[in-house]
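Visitor: Single-letter residue listing:
Protein chains: 2
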Amino acid sequence: MAEPGALDYRSAGVDLDAAERVMEGLKSLVASTRDEHTVSALGQFGGLYAVPGDVENPILVSSTDSVGTKVKVAFMSGRHDTVGQDLVNHCVDDILVQGARPLFFLDYIGCGTMDESVVPRVVGGVATACKENGCALLGGETAEMPDLYDKDEYDLAGFIVGIVERDRVLDGSRVRAGDVLIGLESSGIHTSGYTLARKIVFEAMGLSIDDDFPESGRSVADVLLDVHRSYLRVLSDALDAGLVRGLAHITGGGIPGNLPRTLGSDLGAVIDLASWEVPNVFRVLEEGGRVERDEMLRVFNMGVGMIVVVAPEDADGVLKSLSQSDGPAWIMGEVEAGEGVRWA
Amino acid sequence: MAEPGALDYRSAGVDLDAAERVMEGLKSLVASTRDEHTVSALGQFGGLYAVPGDVENPILVSSTDSVGTKVKVAFMSGRHDTVGQDLVNHCVDDILVQGARPLFFLDYIGCGTMDESVVPRVVGGVATACKENGCALLGGETAEMPDLYDKDEYDLAGFIVGIVERDRVLDGSRVRAGDVLIGLESSGIHTSGYTLARKIVFEAMGLSIDDDFPESGRSVADVLLDVHRSYLRVLSDALDAGLVRGLAHITGGGIPGNLPRTLGSDLGAVIDLASWEVPNVFRVLEEGGRVERDEMLRVFNMGVGMIVVVAPEDADGVLKSLSQSDGPAWIMGEVEAGEGVRWA
Chain W
13 MAEPGALDYR SAGVDLDAAE RVMEGLKSLV ASTRDEHTVS ALGQFGGLYA
63 VPGDVENPIL VSSTDSVGTK VKVAFMSGRH DTVGQDLVNH CVDDILVQGA
113 RPLFFLDYIG CGTMDESVVP RVVGGVATAC KENGCALLGG ETAEMPDLYD
163 KDEYDLAGFI VGIVERDRVL DGSRVRAGDV LIGLESSGIH TSGYTLARKI
213 VFEAMGLSID DDFPESGRSV ADVLLDVHRS YLRVLSDALD AGLVRGLAHI
263 TGGGIPGNLP RTLGSDLGAV IDLASWEVPN VFRVLEEGGR VERDEMLRVF
313 NMGVGMIVVV APEDADGVLK SLSQSDGPAW IMGEVEAGEG VRWA
Chain B
13 MAEPGALDYR SAGVDLDAAE RVMEGLKSLV ASTRDEHTVS ALGQFGGLYA
63 VPGDVENPIL VSSTDSVGTK VKVAFMSGRH DTVGQDLVNH CVDDILVQGA
113 RPLFFLDYIG CGTMDESVVP RVVGGVATAC KENGCALLGG ETAEMPDLYD
163 KDEYDLAGFI VGIVERDRVL DGSRVRAGDV LIGLESSGIH TSGYTLARKI
213 VFEAMGLSID DDFPESGRSV ADVLLDVHRS YLRVLSDALD AGLVRGLAHI
263 TGGGIPGNLP RTLGSDLGAV IDLASWEVPN VFRVLEEGGR VERDEMLRVF
313 NMGVGMIVVV APEDADGVLK SLSQSDGPAW IMGEVEAGEG VRWA
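Sequences listed follow chains W and B, in order.
Numbered by this note's numbering, the letters in the first sequence go through residues 13 to 356 in order.
Numbered by this note's numbering, the letters in the second sequence go through residues 13 to 356 in order.
Check before you lean on any hint, since a few could be wrong.
Repeated chains share a single entry, so a pair holds when one copy, or any two copies, can fit it.
[Said to hold, decoys possible] Subject to a maximum C-alpha distance of 25 Å in a straight line, what follows is the list of computed DMTMM-like cross-link-like pairs (lysine to aspartate or glutamate): (1) Lys84 with Asp20; (2) Lys39 with Asp183; (3) Lys143 with Glu36; (4) Lys332 with Glu128; (5) Lys84 with Asp179; (6) Lys39 with Glu351; (7) Lys84 with Glu153; (8) Lys163 with Asp278; (9) Lys39 with Asp278; (10) Lys332 with Glu197; (11) Lys84 with Asp127; (12) Lys143 with Asp326.
Simulated from the structure, these hints should not be mistaken for lab results.
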């Protein structure tokens, strides 16, 4: 028994026992993502992964990201089981654009309180998406920092490592003027632009989290929490066949901020804005916030989650293979000499 | 020119131009950590790393962590150039205990404002320590989230990937009863227990950040910002020689929370508390917060940053090689049959 007035970690706001209980509950979730490459050590969370032997000149591709203030929508709605999926899928798409398939993932949660009804649901979302993407959840850290985060809030960051054969790295060098750009539908706002989207929805439009989102037949929470789509499965065949010359994951910065990065030097793109219908969620945000169209295109994906660059002669075949999947694919423009993105 | 009342990303608190400028300024820092394994792609931050060919059965070891609320001390003192070093060194030590040397590192910063006088200094610390540890800074993300973090605050998480030859993995299986425990001095509080330490120093003791820290001849900021020590260099020779049977990085949970994880099943340890002098900073915290000794040992490293397990016949030689370095090393106990840590 501590003497009265004595300080300990719990009185300072950090509960190591709660942390241990939460971690214990996560072990089976994490275990469900393991495969033949994960090497157990001491029953620890893990951290060991054998480099797959079937890649001749293995290049590791790594990325880190967060889901931005999409977590704020999770706080408002009390729904914590999908932001982990957003995080993993976002990271999977980030390394996919360099041609890599995911090997393993680690998550970081900084939070105000180690809430035993919240943290396991967040990590549960992470584990679910890891499984879906064939990626081991190799470790993670949950840091309880009551002085940095509000009591019911957290931030969520992820780290992914994938692998690609050296001569299969997508680095822009394969892209040529005249190549065809195929758009793949996004599943919503994904994880970019939430600070602006929330300001529009909750301030300018004055909506509440449970209100109907205009013209959608769904609630604000439903629409704003739509899970970031992973493009791993739909692109696998085309990547395996070597038919993909470049990929652009449309995140913060929109099409003009992300597409040029995949084109290499001295190449730009012309995009036909009439080639797809901008989804309802973006039209509502544009109108509700009286946002300029250029700003919309710079902040949001506007319905295009991934752009695939293919040779003109392969366009029809790749379009067909991509269209057999869960979301539409369409030809949206082409690569041209020059720089930057031009709208047509 | 946007119409009056129109919303854009900047008015919502996110400044993409500032973000781009900060990132541009970081490129040379990041470049300074590159080595022959980093594969450039498109002048992007990176993300590509060739698996070293000189490891026969390569196991990747990965870990993620933060520096906890040590960042709060950085905010209070306006010193942002060392927390990045803390982060990297902490992560290096975390994978070192499984026998791995670092390959590459990624950092994540979540912040209230993309402050151009702060973010580059934080990442500068990360890059400095990456260089010191022979580790490439392969990427990173800085997310501006004004609704999640206070204006002048940030959180900092890191992600490391290292490599170890499969038959050199330290997994507890080499440890035997009778093995000798060698302690390596910590450089201060490292990165664990800051929520309690700050409560003691700034509330119970009523000190300010620029006050003298008792019996130290240094300021509170100096003492609380001492950089987490990397044990990579001092341990390299002993690891190369195969003389290390186990390693315990003493972080949150202290010696009793971390040492048993390296011992394997059915083994415990006896530690001679009189074998080293607990450094001034911990004695001041203990007294200032009237913290129970057991709680001190569970929250802080108490002057021991790393514990090395060696065979009795190798103890003298290893002790000698470790003592030639920058901090003291001493024999502090031994492995015994049983479980947990016993104080003697």
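Visitor: So, for every hint listed, does it hold in this structure?
Guide: Verification of the hints:
no., hint, verdict
1, Lys84 with Asp20, "between (31 Å within a copy, 19 Å between copies)"
2, Lys39 with Asp183, "between (37 Å within a copy, 18 Å between copies)"
3, Lys143 with Glu36, "within (19 Å within a copy, 36 Å between copies)"
4, Lys332 with Glu128, "neither (46 Å within a copy, 47 Å between copies)"
5, Lys84 with Asp179, "neither (41 Å within a copy, 46 Å between copies)"
6, Lys39 with Glu351, "between (49 Å within a copy, 22 Å between copies)"
7, Lys84 with Glu153, "both (20 Å within a copy, 19 Å between copies)"
8, Lys163 with Asp278, "neither (50 Å within a copy, 40 Å between copies)"
9, Lys39 with Asp278, "between (50 Å within a copy, 21 Å between copies)"
10, Lys332 with Glu197, "within (14 Å within a copy, 63 Å between copies)"
11, Lys84 with Asp127, "both (16 Å within a copy, 22 Å between copies)"
12, Lys143 with Asp326, "neither (31 Å within a copy, 45 Å between copies)"
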